[in-house]
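Going by UniProt numbering, the first residue of the sequence shown is number 1, and it counts up by one from there.
It cannot be assumed that every hint is accurate.
[What the hints assert, rightly or not] Derived SDA-like pairs: lysine to any residue, alpha-carbon spacing no greater than 20 Å straight-line:
hint	residue 1	residue 2
1	174	191
2	174	144
3	174	237
Since the hints were made in silico from the structure, they are not lab data.
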Amino acid sequence: MVGFASILNLSLPGSDAGFYTDATTSGFPDGAIRGQWLTIANDSSNTIRGTADADFLPGLGGNDRIHGREGNDLLDGGAGNDRLFGDSGNDILIGGRGNDRLDGGSGNDSLSGGSGRDSLNGGLGNDVLTGGSGADTFVFNTALGSSNVDTIRGYNSAADTIQLDSSIFAALPKGALTEDAFHVGTAAADATDRIIYDNTTGALYYDADGTATAFAPVQFAVMQGAQALTFADFFIV
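Construct the entire structure; sequences and hints are all you get.
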């Protein structure tokens, strides 16, 4: 079975307000074409759910909630304070304007906050997180490992925050990261170091016991451009 989708930008009768309709058609071995029409969005606050295929899901205006579900989807919040969930698949999430919350789910996703105070959570997979303008939060709350290392792009140390979940970064107490728990280098320098930043490669590591040998450091992110970071960039929840 081969599937494809097309998106039509229409307007309601007697109105210039746009809405989107998704025409999904599938070809079958017998030559038949079967399709389904799904209304996607308008400028109100919508809840939008994708299909098992690769979907384009625009929110337009309003405070929308968009779920990609299966497939490699493109979610675009547009204007408003939106919540975007890639779910499974290698998805692209675009917050657009407003204070948006983006969650990639599983897969290797690309998240872009756009303007506003956005929250970007790649979820599982090797994701790319781009904050854009505004004071953005980069969230890390999934199991650490080599298949779960995110790339942070466009980080603004003067405004943005890297948020770590205490259930994953269990050796760190909740609250602002303390100065003695942060070290710039390729490995921990003493037993109190927990977040290690290699400012040559941009790699960020979590070390549960510093210079002790019970736990090896685990990389969880890489800062594009290896820009300067300090302990003040991190907050634990």
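Taking the hints in turn, this is what the structure says about them:
Between residue 174 and residue 191, the direct Cα distance comes to roughly 19 Å. Compliance with the 20 Å bound is thereby established for this hinted pair. The hinted pair formed by residue 174 and residue 144 meets the criterion: a straight-line CA distance of about 18 Å does not exceed 20 Å. For the given pair, residue 174 sits about 5 Å from residue 237 by alpha-carbon distance, which is consistent with the 20 Å threshold.
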